[in-house]
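Enquirer: The chain contents come next:
Protein chains: 2
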Amino acid sequence: MESLSDKIRRKPIIGWALFIVTILIVFLLGLLASTIIERRVETVYVGKPRIEISEYEPRNEVWGKAYPREYETYSQMADTTFRSMFHGSAMIDALEFDPRMVVLWAGYGFSKDYTQARGHFYAVTDIRETLRTGGPMEPEQGPMPSTCWTCKSPDVPRIMREIGAEDFYDGPWAEMGPQIVNPIGCADCHDPITMDLRISRPALIEAFNRRGRDISNAPLQEMRTLVCAQCHVEYYFKGSGQYLTYPWDYGFNVEDMEKYYDDLQFSDWEHQISKAPMVKAQHPGYEIFMTGIHAQRGVACADCHMPFKSEGGQKFTDHKIQSPLNNINASCQVCHRESEDELKRNVYERQMKVAEQRFRLEDNLVMAHIEAGIAWEEGATEEAMEPVLKHIRHAQWRWDFAVASHGASFHSPLEIMRIISSAMERVQEARIILARILAKSGSDREIEYPDLSTKAKAQAYIGLEMEELNREKVRFLEEVIPRWEEQAEIREQKYRQY
Amino acid sequence: MESLSDKIRRKPIIGWALFIVTILIVFLLGLLASTIIERRVETVYVGKPRIEISEYEPRNEVWGKAYPREYETYSQMADTTFRSMFHGSAMIDALEFDPRMVVLWAGYGFSKDYTQARGHFYAVTDIRETLRTGGPMEPEQGPMPSTCWTCKSPDVPRIMREIGAEDFYDGPWAEMGPQIVNPIGCADCHDPITMDLRISRPALIEAFNRRGRDISNAPLQEMRTLVCAQCHVEYYFKGSGQYLTYPWDYGFNVEDMEKYYDDLQFSDWEHQISKAPMVKAQHPGYEIFMTGIHAQRGVACADCHMPFKSEGGQKFTDHKIQSPLNNINASCQVCHRESEDELKRNVYERQMKVAEQRFRLEDNLVMAHIEAGIAWEEGATEEAMEPVLKHIRHAQWRWDFAVASHGASFHSPLEIMRIISSAMERVQEARIILARILAKSGSDREIEYPDLSTKAKAQAYIGLEMEELNREKVRFLEEVIPRWEEQAEIREQKYRQY
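Keeping their order, the protein sequence lines are chains A and B. Under our numbering, the first sequence has 158 at position 133, and the numbering climbs by one with no breaks. Under our numbering, the second sequence has 500 at position 475, and the numbering climbs by one with no breaks.
No wet-lab data here; the hints were simulated from the structure. Check each hint, because a few of them may be wrong.
Chain copies aren't distinguished; within one or between two, either way the pair holds.
Unchecked claim - Pairs of lysine to any residue, SDA-like flavour, derived with a Cα cap of 20 Å:
1) K369 - I318
2) K498 - R153
3) K519 - N278
4) K137 - R153
5) K369 - T155
6) K465 - E403
Bear in mind the structure is a predicted one, so any value in this text is a computation, not a measurement.
Please construct the entire structure, taking both the sequences and the accompanying hints into account.
Expert: Okay, structure coming up:
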């Protein structure tokens, strides 16, 4: 048989043909590589907006036209079926779950109503509906200041730009009602032109400044945590102008902030039973997260709560912000190779250990308040009670710090248990001094732990008139809210463009 | 030019030459593969002994002739330079480091002397030298029973085979002195014929049996933990025969063992000051380790404390048993890709958080003992003191459980903090009741925290005659130990074969 090399020597045309075919194949391979690269480029530049969004545009649906996938996943937060399935309701009633808290917050709004919020999508609805904001029929009525709106809506940076932060904070909550209708969303974290992450709330920028740090230099990965730290932090309302302030001047630990509040002699309220000057911890999620191993390994909030997702060849950030336990495959398992069941078990184990000590601490806190109340009744002096009240204040502040934020006992279990243990020492120290005071007063009154088996019983125990509060709220929701919505509709019509 | 195929066609010899060369190359490759495989086989079968070792051979140097690399690394434990460099001495004096413990153990041997042992290599020397074993000049003298030897030497399984475990435990410590001269070593964990891991101590086998588990079925990876669990566990001396027993019948948690001891009304001693019936936790390293994430992920003790090592192409287990922090590269970094510095920081952070609460707990325990002592002096009734003593017993048992074993706050930081927090509640509960008792007695005695700034001050505070104890010990070491060594030498001569 004639070999190929012989053939080519005989008919040079065959050699040329082979050469040309090779060139063609290489060219086609080039084309293929090019489409692959192009697809990558598409993926990377998917963030390019298709329409223009005005600065401080508060309406999430307008941003949604430019970023349909992000908006679609964001909108999925509206679906609370999952929560309802597990908890009987989308609103987890924390006071029903743990009625001791009614007594711990006696004299403060949280004893009236404390439901675990349904997430960003319902931020505006939920703050309107909670009993804590009361039923103000007129704009100037209380009980809450407009500072309470700060974390609820992208309407807030819009208004702050118009009137300044100081004037925004200084006023009753109801006054700002018609202005704030869009729930937490796009403009809270993003620049509409570049889509870069952006800090929209002054309190975080100011707190960083006071610590000598310019937040505008924060690296991108840190920004993926800092946009969340605009709200998921410890804060208080400073002065008569109710200026939203983070108590970070001495540092981020529970002891640092305790010292900060003590130095200021700040208190949120006086406890109804013990008369202790109390500080309510808000939700120091960021501060606690930073003490945990995930933060130490460089993980950001968004890595687990907003993992990447791929659809139609495009990679984007999942804006359905949720517990990573609902999405273990896309969040935890990016780094951890264990099974979903095992990872869940690991989380629950940490939570259960912390919960065990938390409930023991709460029982002792309840007793401390009640014993202090009796000591007052028996005529204890202010001087004798001073160390008692200080220990109660510190113990409950630490308890609240440990339990108030989302996922604390997962984000940093050891730190949380350390705080609980330190609170345990303090509350019992209060009770040791109280035992001496009560013994000296010669009182033989039997002190029994009250029946706090349900929220209703606990609220009755501290004398809350729940029917009245509920009636007020219903009237407010029926009469005031429609007026607010109407005013907002008219305002938004003016600049509605799409 | 003439092509190769043309050449071959012309002279077939060239084709044959090529064929033969190819065969030769393949043959040589085969040889190479064979030596590689052989080397692997060598590595795998390196455990094959070169000399025969008799059953229950207690002399580690005899095993060392068969397993030179294991013995060489084992012998490296003799070098305590590193510890001396950091601590000024190879023996870390725990009572000097934390003199509160002198008061916590008042009335018990540990208040006399408690040094962190120097490791397996010094096990026999250290138990002879500690003040806790006293200075028995005659075999029948106390203070300790021979059960104390159980974990110190491979002479123990040798003697147990001869006389049985029951008779081994039942007798004074000094009686067994001449028998026990070889420090913890080969025969404690290995079968001399197969080199398989082997449980040599009956207490572990018996505890497993009582829990319905046959330890001889334990998988290899579990055995790499269980050989350590022969000693690094919680145990007590049961009955007048001082039978070594693990209190695992209800489970491995601190609460399970507390219930076990309570049900038995067992106590190691009555506290000198508070008169509380105390339980000394030993070193529940295994039980605590099992609650931590490393155990949950299937890691065994040996994985970190005896990592693999490679020398001269042979892979073997490093028998220099030590803190993985001295060997991060071979231990932690097999799984964790962080830098040595960062991994150390992670460990120290856990330890420091636990230490903080531990010391607060100890301060309160000291106060509880002292306040209880005063209550007795003021004439408190047994009935009134009963709940106080129960809380002190439980609180100190939990404290001891949390701190007594090696590395607890690393092995399972959250569990340790949980235990400390639960102890904090209990000790303070004791002090609350004490405050009532003391107030009722009408005593106005000022109770001050004693000066426990040094071990000497603490020992003087509880009235220990340290000079006398030290004198006894010196005499014992000078007169008795040489006799023991001599007797052992004669015995070992009889069967010395190498």
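Enquirer: Hint by hint, say whether it matches the structure.
Expert: Here is how each hint holds up against the structure:
1. K369 - I318: both (17 Å within a copy, 13 Å between copies)
2. K498 - R153: The answer is within: 9 Å in one copy meets 20 Å, while 77 Å across copies does not.
3. K519 - N278: neither (47 Å within a copy, 67 Å between copies)
4. K137 - R153: within (14 Å within a copy, 67 Å between copies)
5. K369 - T155: neither (31 Å within a copy, 47 Å between copies)
6. K465 - E403: both (10 Å within a copy, 17 Å between copies)
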